[in-house]
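With the sequences and hints as input, model every part of the structure.
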Amino acid sequence: MSGVRTTLLFLSLLVGLVGSGEARQAKTLAEITSTGSVTACADPDNLPFTSSDAQWPGYDVEVIRAVAAELGARAEFKWIGTRSARAAMRNLLEGECDLFPGLPVAPGFTEEYPQLAFSRAYYTMRHVVVVGTGRPLTGLADLRGLVTAVEALSAGDLFLLQRGYPRRSYRTQEAAFRAVQSGETPAALLWAPLAGWFLTRSSAVHLRLVPVSDPDLAVAFGVAFLKRDPALKHALDRAIERLEARGAIEGSLRRYGVPVGRAGARPGPSIEPARWVAAGNPLVTPVAEVRSVPPDFEEGRTIFQENCAECHRSDGRGGGSVPRLQQYPFGAEKRFIETVLNGRNSVGMPPWGGLLTEAQVRSVLAYVRVLVPTLDIPAGATPAAQARLIFGQICVTCHGREGAGTRLAPSLQAFRGTDEEFVEAVLDGRPGTAMAPFKSLVSVEMAQQIRQYVRDLGRLN
Amino acid sequence: MAAAKRWIPLSLLGLLLLLVAGGAGAGPAGEWTPVTDDRLLNADREPHNWLQYYRTHNGWSHSPLKQIDTRNVKKLQVKWMMSLGELGEQQSFPMINNGIMIVTAANIPHNTVYALEAATGRLLWKWTRKTPEDLTAFARIHPQSRGVALYENTVIVPTLDAKLIALDAKTGKQVWEATTADYKDGYYLNSPPLVAKGLLITGPAGPGEMGIRGWAAAFEAKTGKEVWRFSTVPEPGQPGGDTWAGDSWQRGGGSIWLPPTYDAGTDTVFFGASNPSPFIDSVRRGDNLYTNSVLAVDRATGKLKWYYQYVPNDAWDYDTMNEHTVLTIKQNGKEIPAILSFQKPGFMYALDRRDGKLIYAKKFIKNVDWAEGIDMKTGRPIEAAGKRPVMGGEKVPICPALLGGRNWVPSSYNPETGLVYVPTMELCMKYGYVKEVKWTRGLAYVGVSWDAVMQGENAGAIRAYNPNTGDIVWEHWVKAPPIHSGILSTGGGLVFFQTMEGQFKALDAKTGKVLYEFNAGNLASTGPVSYAVDGKQYVAVVVGGKTRIRGWLGAERKLDHLLNMNFNGLLMVYGLPD
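These protein sequences, in sequence, are chains A and B. The first sequence begins at 52 in our numbering and counts up by one. The second sequence begins at 504 in our numbering and counts up by one.
Keep in mind the hints are simulated off the structure, nothing from the lab. A hint or two may mislead.
Stated by the list, open to error - Coverage of chain A stretches by chain B, computed from C-beta distances (three or more under 8 Å per stretch; other residues unrestricted):
1) 87-100
2) 387-401
Claimed, not checked - Partner residues are not named here, just some residues of chain B that face chain A (Cβ under 7 Å, in silico):
3) Glu-636
4) Asp-637
5) Ala-640
6) Lys-666
7) Gly-740
8) Val-937
9) Gly-945
10) Ala-947
11) Val-949
12) Ile-975
13) Val-976
14) Gly-1054
15) Arg-1060
All C-beta atoms, glycine included, are put in the ideal place defined by N, C-alpha and C.
What follows is the structure, given as structure tokens:
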């Protein structure tokens, strides 16, 4: 799940799960400028932070590209998984990459890695309260009287726990966001970039973000690298300063819907500045041109309602051979875009390539994200029939007709966990995967029925 | 030429046999025979053929063939079938010229034409053409072809990129091509042109849903050269130009969905000009001429003789697309030359075809609540209060649904029973407007959201009407609304159609009793035609369903059974056992 892993990574880092490794040869500044190339480690699927998608690479990737350009080099990427923080950090420690953007510049983390140096922070990640536009809310104190959705064991969760505010825990930040979107909870306390990203992608017009300035809920992020060349630290800091002066970093953040406010901002600490010797003479090159435009929700709505709703219906529920678009899985953006542009002749989906641009399709997706889930269950359907219908209307989107899996999601027939684990996955989703929680739509009993239905499907096959 | 002369007595002999047998007609299979203006004008004299869209210029969609009749129809069987090679809704009417059948298929990315032996289905030639990759929205959503026009030795194909293409009827090779409009604006041709006295007369789909101005035009049938053009949405300064608020005329709509009918006696063409664009009335205050009107146009010059607007300032997509059947209405001992039409809003109209004067207007379905009736003085509907939605407001319950009291498929008039057979729908809707609507070139411009609501257990009926009075003579109820169940009546006293559930049926034309039923297993998507080859009568119908069915009917749980049906384009040909 986009973004979630970074948060998990961050948390696990704070509690010191990560050990140290042995350094190999990372590039010095001179080597970077002479070869014109610098390698950064990044997760290929961790938006809004990092992604291997050319059009939406994530703001950390955009920043590292701009920083590299400032150094007179081109940023190459080593795509790594970040589900295991230890394994992720090993790439940097062992010199597989020269730079690692988007790591916390905070004592709990930096002290864990004495062999690493950190650039000046280019972004301070804060929290926001996600709340309906109609609900008056000015600050955290107003959460006292509300049930607030949080990610279990997240900073926001612990923060509310300490203050004794009522809260409801979800498995992921996204699940907590969706809980507010669907009206299940009145508010959520989330990491600002994730909330901003979810909001951009869903464009839930009925929601707003209220920035939280509390320093206990803020962490500065910078670029980490091996302590090998003091000149590199200096060059990176200067590069970041120049980008900040040009507003380039803020521009990247805004593109991903990250709330950028000055109120209550805590300046990102620059670690150990005194120890570094000013050196290096980075070449100044222009920042790479912005190649993408943000999704335009209004345009997406118009295109969807005028051109797609005739089959997919105005609420996106589809039906028959027409797929449901509600709760379109995060992580399946590529499939969405490919399907819209190329069509699926065998099921009657016309191709829209040549008419709609990819940016317009992304706008449609942004609109699709806000479609509220509905289920088509006739009154009087038996629980078994209901399970079959729910499977056919929701699960099939990712797991395929027979539940045998698609490239989006694994085979359910091959599920080897216990029934309890199955039910839990249905209700709460599976963090770190595209599996969304469905407890707002199905009960425990219905999840058990679905388990039985999937088992029967397996038997038939 | 001596050899040619020798054949004359033989062909006369054939004609003689036909008259004696009074049966299935001659229809020798084999060589293409030129489809002259005379043959088209007198198409009723060739019972074995189906040379044009409604078979005859008057829009009757009736075959006089009587080999298959009320007594033997129960023996009907499938004689041959052909896959049309395209998925999705295939709306083609096969054309038959002396044993040769021309049938089309269309989908993104192809327009395809097949020439077949009409008795066996053997393929003679196939022509296929790739559609441009930047086709506009509505042509993608409704990429249809309703067949071809025949003229002399050519087959004239309407295309999804708004061209008319003439093919050599013997080889399938292209002869000429005419661009009727810029398809990038949203125009496309799905219906074949009317052919009348050397002219191809047609108009485009697209305007009413794409926010562009509709037109009707005539092209030389031999060359494709444009002869005249008539805009269905006048500009400011032109007659009717003041019926559009502001610059709304620029996005006015007024598609010509279907071939016009033609009265050779007065040399008049009758077009149905469809809905204004977008569907939201408040965006385009005024009567919005000539949308939702019948236009009586001089064939040779394109000059408007008269018009009659059924729904001024349409708010519901109650568009005027259907055929205007040319017939004679008998009232109080008088015979009035008339056009009769069954319109989407649920009213049938008989108009004097010489001047457009209203003879009568009457509800032809039960569920009509948007208007109480038609004012006989002004000809305008007497609208019920509260049936026009407001932008972004609550959905309004209204009957009929925007699919209409009937949809595009043809009715059929049998001169022997004197009845008109119509696929009618009893479907209502909850209907609302979006909050705002924006026009973008190439994308749809509609602005509505609706859910179908059934009023009982059956959403439609095939009904027989007395054209003189508008009275229902019989009705045959069907569960799913017969959106695409076109009607064929025959001289054998039968009414053929296919239900949306896939049942091919023959009813007794006098009573509506079911005489034959066959599960073709494929959703109806058009209407049947009948023809004969070597004395044997056939009934051919293209089936193929519609993905859009879910979007249209999905909110109505009673129609769930339609949703799992497949939609393969298929041509089915029925006949009696040999």
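Hints, verified against the model:
A count of 0 residues in the segment 87-100 of chain A with a Cβ less than 8 Å from any Cβ of chain B is obtained; the coverage claim is therefore unmet, three being the minimum. A stretch counts as covered by a chain when three or more of its residues have a beta carbon under 8 Å from one of that chain; for the segment 387-401 of chain A and chain B the count is 7, and the coverage holds. Given the 7 Å rule on beta carbons, the hint for Glu-636/B holds: about 4 Å separates it from the nearest Cβ of chain A. For Asp-637/B, the interface hint holds, the least distance from its beta-carbon to any beta-carbon of chain A being 4 Å, beneath 7 Å.
For Ala-640/B, the interface hint holds, since its Cβ comes within 7 Å of a Cβ in chain A; the closest pair sits about 5 Å apart. The criterion of a C-beta within 7 Å of any C-beta in chain A is not met by Lys-666/B, whose closest approach is roughly 18 Å, and the hint is violated. Among the interface hints, the one on Gly-740/B is violated; its C-beta lies about 31 Å from the nearest C-beta in chain A, farther than the 7 Å criterion. Taking 7 Å as the C-beta cut-off, the interface hint given for Val-937/B holds, the closest approach to chain A being about 6 Å.
A hinted interface residue such as Gly-945/B counts as satisfied when its beta carbon comes closer than 7 Å to some beta carbon of chain A; here the least separation is about 6 Å, so the hint holds. Annotation: interface hint on Ala-947/B holds; nearest CB of chain A at approximately 4 Å, less than 7 Å. A distance limit of 7 Å between C-beta atoms decides the matter here; for Val-949/B the minimum to chain A is near 5 Å, and the interface restraint holds. For Ile-975/B, the shortest C-beta to C-beta distance to chain A is roughly 32 Å, which exceeds 7 Å, and the interface hint is violated.
With a cut of 7 Å, the hint placing Val-976/B at the interface with chain A is violated, because the nearest CB-to-CB distance is about 36 Å. Interface hint status for Gly-1054/B: upheld, as the beta-carbon distance to the closest one in chain A is roughly 4 Å, under 7 Å. Interface restraint check for Arg-1060/B: the shortest CB-CB distance to chain A comes to about 5 Å, inside 7 Å, so the restraint holds.
This entry does not satisfy hints 1, 6, 7, 12, 13, going by the numbered hints stated previously.
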